[in-house]
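Trainee: Residue numbers (our numbering), protein chains in the order written: chain A, 1 to 134; chain B, 1 to 228.
Calculated directly from the structure, the hints in this document are not laboratory data.
Ideal Cβ positions, reconstructed from N, Cα and C, are used throughout, including at glycine.
Don't take every hint at face value.
A few chain B residues that face chain A, going by a derived Cβ cut-off under 7 angstroms, partial list only [claimed, not checked]: (1) M1; (2) T54; (3) A75; (4) G78; (5) E106; (6) K186; (7) Q188; (8) I189.
Covered by chain A, according to a simulated footprint, are these stretches of chain B (three or more residues, beta-carbon under 8 angstroms) [what the hints assert, rightly or not]: (9) 83-92; (10) 107-121.
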Amino acid sequence: MNVVIMGCGRVGSTLAARLDRESWHVTIVDTDPYSFRRLPSDFRGEKVVGSGYEDHILVQAGIREADAFLALTQGDNRNLLAAQIAKHIFGVRTVVARVYDPFRGEIFSHLGLRTFSPTNIGAEMAYDALTQQD
Amino acid sequence: MYIIVVGAGKVGHGLGVELIEGGLHEVVLVERDRNRAAELREELGEAVVHGDGTEVVFLESVGARRADLLIAVTADDGANLVACQVAKHWFHVQRTIARVNNPRNERLFHLLGIDSTISAPGAILAQIEVDLPEHTLIPLMRLHGSGLQLVDLHVLEGSEAAGKTIRDLPLPTETVISLVVTAEGKPQIPTAETVLQPGDEVIAVIRSETEPELRRLVSDAAHARVAD
Numbered sequence: 001m002n003v004v005i006m007g008c009g010r011v012g013s014t015l016a017a018r019l020d021r022e023s024w025h026v027t028i029v030d031t032d033p034y035s036f037r038r039l040p041s042d043f044r045g046e047k048v049v050g051s052g053y054e055d056h057i058l059v060q061a062g063i064r065e066a067d068a069f070l071a072l073t074q075g076d077n078r079n080l081l082a083a084q085i086a087k088h089i090f091g092v093r094t095v096v097a098r099v100y101d102p103f104r105g106e107i108f109s110h111l112g113l114r115t116f117s118p119t120n121i122g123a124e125m126a127y128d129a130l131t132q133q134d
Numbered sequence: 001m002y003i004i005v006v007g008a009g010k011v012g013h014g015l016g017v018e019l020i021e022g023g024l025h026e027v028v029l030v031e032r033d034r035n036r037a038a039e040l041r042e043e044l045g046e047a048v049v050h051g052d053g054t055e056v057v058f059l060e061s062v063g064a065r066r067a068d069l070l071i072a073v074t075a076d077d078g079a080n081l082v083a084c085q086v087a088k089h090w091f092h093v094q095r096t097i098a099r100v101n102n103p104r105n106e107r108l109f110h111l112l113g114i115d116s117t118i119s120a121p122g123a124i125l126a127q128i129e130v131d132l133p134e135h136t137l138i139p140l141m142r143l144h145g146s147g148l149q150l151v152d153l154h155v156l157e158g159s160e161a162a163g164k165t166i167r168d169l170p171l172p173t174e175t176v177i178s179l180v181v182t183a184e185g186k187p188q189i190p191t192a193e194t195v196l197q198p199g200d201e202v203i204a205v206i207r208s209e210t211e212p213e214l215r216r217l218v219s220d221a222a223h224a225r226v227a228d
């Protein structure tokens with residue numbers, strides 16, 4: 001399976017390493033080549049420098065052959081733009097976007113994207129940690 | 001009308017000044033940068049609000065629910081797209097207009113139901129085409145969320161359309177020929193019997209996806225290849 005990941009931050013690089021270990025063909029895209037230092041030294045996937053919401057960068061990253069696309073940068077709007085380009089222009093079947101604003105995430109999950117909100121997940125885990133029985 | 005303008009850079013500021021001073025509409029101008037917003041408040045008063053125009057909670061606070069129109073004109077296509085989609089799908093705002101900074105995003109914006117898009121590079125490219133003697137089709141304007149657009153067709157010598165009556169033209173469905181301006185500059189309302197001549201300008205309403213078909217119809221052989 002081919003997967004393109006936009007954003008090589010902590011989440012993007014961790015997920016890329018995991019999928020690579022599980023034998024996915026991974027391409028990771030980031031505007032900052034320095035971010036690729038977060039990938040493990042035995043990472044076998046491709047690294048592409050550029051913005052994941054520009055057509056030619058997506059094509060270079062193999063979006064036409066991708067089974068899945070994940071937009072995992074810090075910017076909600078950037079993620080939603082790139083995810084919708086992947087879905088509607090390139091017809092990628094599974095498209096995931098990280099969206100901090102939970103309301104915004106909900107809207108776009110109704111529009112055919114898979115979204116998750118680190119805000120909700122973080123609050124949930126903090127609550128669990130607070131209320132767990134020792 | 002109640003109009004929300006998202007983004008108060010050069011474009012948003014210019015638009016805000018016109019709309020606010022025009023006094024016809026209730027207007028809110030949204031700016032994300034706190035300092036810029038404070039500065040503009042001095043100039044334009046309370047219509048300027050500091051906040052993120054792509055955020056649901058913020059838009060709710062400026063009354064997006066009763067807005068008739070949202071115009072997103074930031075320098076960031078992602079923000080413009082999301083502001084319009086949130087307005088449409090969460091607040092059911094009737095009409096949305098987005099500035100498109102990268103002309104390649106125009107198609108996506110239309111696919112996603114943004115009613116109108118404004119692209120400065122796109123508009124300039126169209127103007128360059130106007131000045132080419134052999135231009136064939138120039139999109140003039142998208143019509144309100146219907147997949148229809150207004151175009152200017154230029155009938156070339158040796159094209160399939162040249163010398164034919166409108167009745168005999170193999171027009172794609174839902175094409176309406178609205179106006180013919182002859183090479184001498186005479187406008188006329190066409191009938192089925194009007195014969196198109198090389199050099200005629202034809203203003204027509206067409207379904208967007210039939211653009212290549214119409215381009216071929218008015219092109220000569222050499223330009224038809226380019227159109228493909």
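Trainee: For every hint, state whether the structure bears it out.
Mentor: Hint check:
no. : hint    : in the structure
1   : M1      : violated, 24 angstroms
2   : T54     : holds, 6 angstroms
3   : A75     : violated, 12 angstroms
4   : G78     : holds, 4 angstroms
5   : E106    : violated, 11 angstroms
6   : K186    : violated, 43 angstroms
7   : Q188    : violated, 41 angstroms
8   : I189    : violated, 39 angstroms
9   : 83-92   : holds (count 4)
10  : 107-121 : holds (count 4)
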